[in-house]
Amino acid sequence: MAEVIARLEDITLNYGERIILKNCSLDIVEGAITCIIGLSGAGKSTILRLLDGLRKPDEGHVYIHNHDICHMPEDALNEIRRKISLSFQFAALLDSLTVGENVALPLREHTHMTDKEIRKIVEDALESVGLAHTFDSMPNELSGGMLKRAGFARAIVTRPELILYDEPTTGLDPIVTHLITDTIVRLRQKLNGTAVVISHDLQSIYMMADYVAMLFEGAIISYGSVEEIKRSPNPIVQQFIQGSEVGPIPI
Amino acid sequence: MKVLDRVGRATTGFFEYAGGIVILAGESATFMVRLRIRFLETINQAYNLGVLSTSIVLLTSLFTGMVISLESAVQAVQYGVGNLVGGAVAFASARELGPMLTAVVVAGRAGSAIAAELGSMVVTEQIEALTSMGLEVPRFLVLPRLLALLVMLPLLTIFADVVSLLGGMWIAQNYAHISTDSFIASARQAIGFEDVLKGLLKAIVFAAIIALVGSYQGLATRGGAAGVGRSTTNAVVNSIILIFIANFIMSFLLFGGG
Numbered sequence: 001m002a003e004v005i006a007r008l009e010d011i012t013l014n015y016g017e018r019i020i021l022k023n024c025s026l027d028i029v030e031g032a033i034t035c036i037i038g039l040s041g042a043g044k045s046t047i048l049r050l051l052d053g054l055r056k057p058d059e060g061h062v063y064i065h066n067h068d069i070c071h072m073p074e075d076a077l078n079e080i081r082r083k084i085s086l087s088f089q090f091a092a093l094l095d096s097l098t099v100g101e102n103v104a105l106p107l108r109e110h111t112h113m114t115d116k117e118i119r120k121i122v123e124d125a126l127e128s129v130g131l132a133h134t135f136d137s138m139p140n141e142l143s144g145g146m147l148k149r150a151g152f153a154r155a156i157v158t159r160p161e162l163i164l165y166d167e168p169t170t171g172l173d174p175i176v177t178h179l180i181t182d183t184i185v186r187l188r189q190k191l192n193g194t195a196v197v198i199s200h201d202l203q204s205i206y207m208m209a210d211y212v213a214m215l216f217e218g219a220i221i222s223y224g225s226v227e228e229i230k231r232s233p234n235p236i237v238q239q240f241i242q243g244s245e246v247g248p249i250p251i
Numbered sequence: 001m002k003v004l005d006r007v008g009r010a011t012t013g014f015f016e017y018a019g020g021i022v023i024l025a026g027e028s029a030t031f032m033v034r035l036r037i038r039f040l041e042t043i044n045q046a047y048n049l050g051v052l053s054t055s056i057v058l059l060t061s062l063f064t065g066m067v068i069s070l071e072s073a074v075q076a077v078q079y080g081v082g083n084l085v086g087g088a089v090a091f092a093s094a095r096e097l098g099p100m101l102t103a104v105v106v107a108g109r110a111g112s113a114i115a116a117e118l119g120s121m122v123v124t125e126q127i128e129a130l131t132s133m134g135l136e137v138p139r140f141l142v143l144p145r146l147l148a149l150l151v152m153l154p155l156l157t158i159f160a161d162v163v164s165l166l167g168g169m170w171i172a173q174n175y176a177h178i179s180t181d182s183f184i185a186s187a188r189q190a191i192g193f194e195d196v197l198k199g200l201l202k203a204i205v206f207a208a209i210i211a212l213v214g215s216y217q218g219l220a221t222r223g224g225a226a227g228v229g230r231s232t233t234n235a236v237v238n239s240i241i242l243i244f245i246a247n248f249i250m251s252f253l254l255f256g257g258g
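Read top to bottom, the protein sequences are chains A and B. Here the first sequence is numbered in the numbering used here, starting from 1 and rising by one per residue. Here the second sequence is numbered in the numbering used here, starting from 1 and rising by one per residue.
Honestly, the hints are just simulated from the structure, not real lab data. Treat the numbers as computed from the prediction; the structure is a model and nothing was measured. Any given hint could be a false lead.
Simulated pairs of lysine-lysine, DSBU-like, Cα-Cα distance not exceeding 35 Å [what the hints assert, rightly or not]:
#1 B:K198 to A:K22
#2 A:K120 to A:K190
#3 A:K56 to A:K83
#4 A:K56 to B:K2
#5 A:K120 to A:K230
#6 A:K120 to A:K22
Now the stretches of chain A that chain B is said to cover, found in silico as 3 or more residues with beta-carbon under 8 Å [what the hints assert, rightly or not]:
#7 97-111
#8 209-216
Idealized CB from N, CA, C, for every residue including glycine.
Work out the full structure, taking the sequences as your base and the hints as a guide.
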């Protein structure tokens, strides 16, 4: 039976009056790629932030390796975070550092590697996302797509156990989308790592996902393999994956 | 009820604000004591926040010293006590205007820069990225700025005191025909080394106010560009208000009636 590396249990989270998640539960299976789909603004990115301890739920628990991170002191949470990487939707590179320095940052702060060792790892990470030539560039010199890939390189550089990708392919051209999707799959195979991916790109999801979870109105309404999701009898899931305007989802 | 509601909100807001700054100060101090300091970044911030503020501090101090001398010299010469002008300029510069004007100028330049930079980092998710990497934001961002200002503001205050005196001396000599020797003798009689040190102590407190208020406002930024603008304005306004309040309290405690 597959191990669960992370678990959301009965999460409720509100932003002011607005309910984002309500009794939301989800298991993240170790070694698998779990893709979360759902409408824009449904709370998918919030789930990633809950898994990384950046948001605390109003109710419920978030477990990483059976440790409830919701009530953990910051020092202990930082230890957990070192095993998790979050690739942000808009990269979130520090604009005062070069691309190479950005990617090297987690290694410099958390390891005792030499500059030479760090440089080699960073160059490899940048090469894996097709940005080997940008080591000394500043983030403001990169296009939107390149920025995303640089953020992606920073997320994978520490070889984390769990990588959280917030819309990794949004805004990228089809070739780079394929490259990124392929990299996510390769990394999982290489490191036996676990990934949670938020994406609207169904083709990418079908290529990489072991499990797909659909978030709708604050809860996971469908969960299963790609084939199970495709065959789901739930009309909301069917309307979403077919991109139809007609159906139970209010537009 | 509306009035009570407003009073309640304002009180809560005040304690939240004050508590937030105290917590930020405590966290930064903890990292400082544990020597978890980013030295290169601290030097970089000392340059950006301190060295680059030098010209504006010197300029304002020069004209402040000149105007004190100008105003006091006229009166002093009329009453036949022109030999006291140097003391007046030195007294005002070292104990009050040097530390406070330098702090106000640095609050306007460096405090706003801190709030704007950190605020931009909040809205572009850079702060979240640091946290998600397991990096402590107070150590990574606040402490270098705090240390830089704690070192640079007293230095700028010394420069301001000197330039203010020089400006005052030049005006006294050329406008009221008070000799340099008389001016310097009067200044030496009016203030002692202790006064200068107390002025520098004020500068250290003002530096902490500017760095912590700027950082807190920046990190508390919500919303996009408009939020960054609000944070920057609040950082400067609140810093200056706190500097004035702290100046009064410290003058009362340090100098009392003397």
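Exercise for review: Given that the region 209-216 of chain A was listed as covered by chain B, double-check it with a C-beta distance under 8 Å for 3 or more residues.
Suggested key: violated (count 0)
Check your understanding: Taken at face value, is the distance from the CA of K22 (chain A) to the CA of K198 (chain B) at most 35 Å?
Key -> This hinted pair is violated, its Cα atoms lying about 58 Å apart.
Practice item. Confirm or reject the coverage of the region 97-111 of chain A by chain B under the rule of 3 or more residues with a beta carbon closer than 8 Å to the chain's beta carbons. Key: holds (count 4)
Exercise for review: Would you check the hint for K120 (chain A) and K22 (chain A), treating anything up to 35 Å between C-alpha atoms as holding?
Suggested key: Not satisfied, since the Cα-Cα distance of roughly 45 Å exceeds 35 Å.
**Study point:** Given pair status - K230 (chain A), K120 (chain A), alpha carbons within 35 Å
**Key:** Violated. K120 (chain A) to K230 (chain A) sits at ~42 Å, over the 35 Å cutoff.
Check your understanding: Does K56 (chain A) pair with K83 (chain A) here, judged by a C-alpha cut-off of 35 Å?
Key -> holds (19 Å)
Review point. Does the structure keep K56 (chain A) and K2 (chain B) at a Cα separation of 35 Å or less?
Key: At roughly 32 Å apart (the allowed maximum being 35 Å), K2 (chain B) and K56 (chain A) satisfy the hint.
Exercise for review: Compare the distance between the alpha carbons of K120 (chain A) and K190 (chain A) with 35 Å, and conclude whether the hinted pair is satisfied.
Suggested key: With a Cα-Cα distance of about 18 Å, the restraint between K120 (chain A) and K190 (chain A) holds, given a limit of 35 Å.
The earlier numbered hints that this structure contradicts are 1, 5, 6, 8.
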